[in-house]
Each structure stands twice: as C-alpha cells, then as structure tokens.
Amino acid sequence: MKIKEALQECRKILQSNKIEDYHTISKELLKYVLNVNETYLVINMENELPIEQENILKSCINKIIHGTPLQYITGKQEFMGIEFEVNENVLIPQPDTEILVEETLKIIKNMD
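Numbered by numbering that gives the first Met the number 0, the letters in the sequence shown go through residues 0 to 111 in order.
These are computed hints drawn from the structure, not numbers from a lab. Be aware that one or more of the hints could be misleading.
[What the hints assert, rightly or not] Straight-line distance between alpha carbons at most 27 Å, and here's what the computed DSS-like set of lysine-lysine pairs gives:
| id | residue 1 | residue 2 |
| --- | --- | --- |
| 1 | K105 | K62 |
| 2 | K30 | K1 |
| 3 | K11 | K75 |
| 4 | K62 | K26 |
| 5 | K57 | K26 |
| 6 | K17 | K3 |
| 7 | K30 | K75 |
| 8 | K1 | K62 |
| 9 | K17 | K30 |
| 10 | K3 | K26 |
Please read all numbers here as calculations on a predicted model, not as lab measurements.
Make a model of the complete structure from these sequences and hints.
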C-alpha cells in the first residue's frame, strides 16, 4: 500500500467512525508511524508503506476509534510553542489553558 493510499484509508475509517478532525489526525498518525515530518510525508506520498508500519497504523487507528487521544499515541503535545512529552498520567494541555496562561502572564507583568 502506498503512503497516499494509507492516508486515504485512514481518513475514510476515522470519518466513518465520526472522529472529528479526521484529516489532521490521519496525517499526524502517518507522521508518527513513519517518524517523519510533514514535508517528507507530502514529497513521498507515492512510496510504499512498509507492512510493519501499516500494522502499527491500523493499531493506532483502532486506539483513536476507541477514544485514545492522539497525543497519548504520539507521546507529545505542543503548548505555548513548546513541545511536551505526554502520556496517560498527564493531562493534555488545551487551547483554553494557553489563553489562561497568557492572561495570567499579562497580570503578573502589570504587577511589576
């Protein structure tokens, strides 16, 4: 199976299982499984996906369908421009938390 086909199949499965943002999640899963950046992924869409990575991708898709957050699968989450390692023992930083931190920093800055 080509990388492009794997991406299409992943999107199809996630969409049919009512997973929000299935486009982004599919791309992120493939980047994770192949351990590559987005540029590599785009340039190499016609390359074959090794069977081992295909099996890992299927496992990851199954985890997403059963409610595992993408961040727990990939082990990382960006927050305030910094990439953090996350796992099941850590709360995943949310966009609302960034706003809270930014507002808190403004208040602290005005106290000086």
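Hint check:
no., hint, in the structure
1, K105 <-> K62, "39 Å, violated"
2, K30 <-> K1, "14 Å, holds"
3, K11 <-> K75, "24 Å, holds"
4, K62 <-> K26, "15 Å, holds"
5, K57 <-> K26, "13 Å, holds"
6, K17 <-> K3, "21 Å, holds"
7, K30 <-> K75, "13 Å, holds"
8, K1 <-> K62, "22 Å, holds"
9, K17 <-> K30, "22 Å, holds"
10, K3 <-> K26, "10 Å, holds"
Consistency note: the structure conflicts with earlier hint 1 alone.
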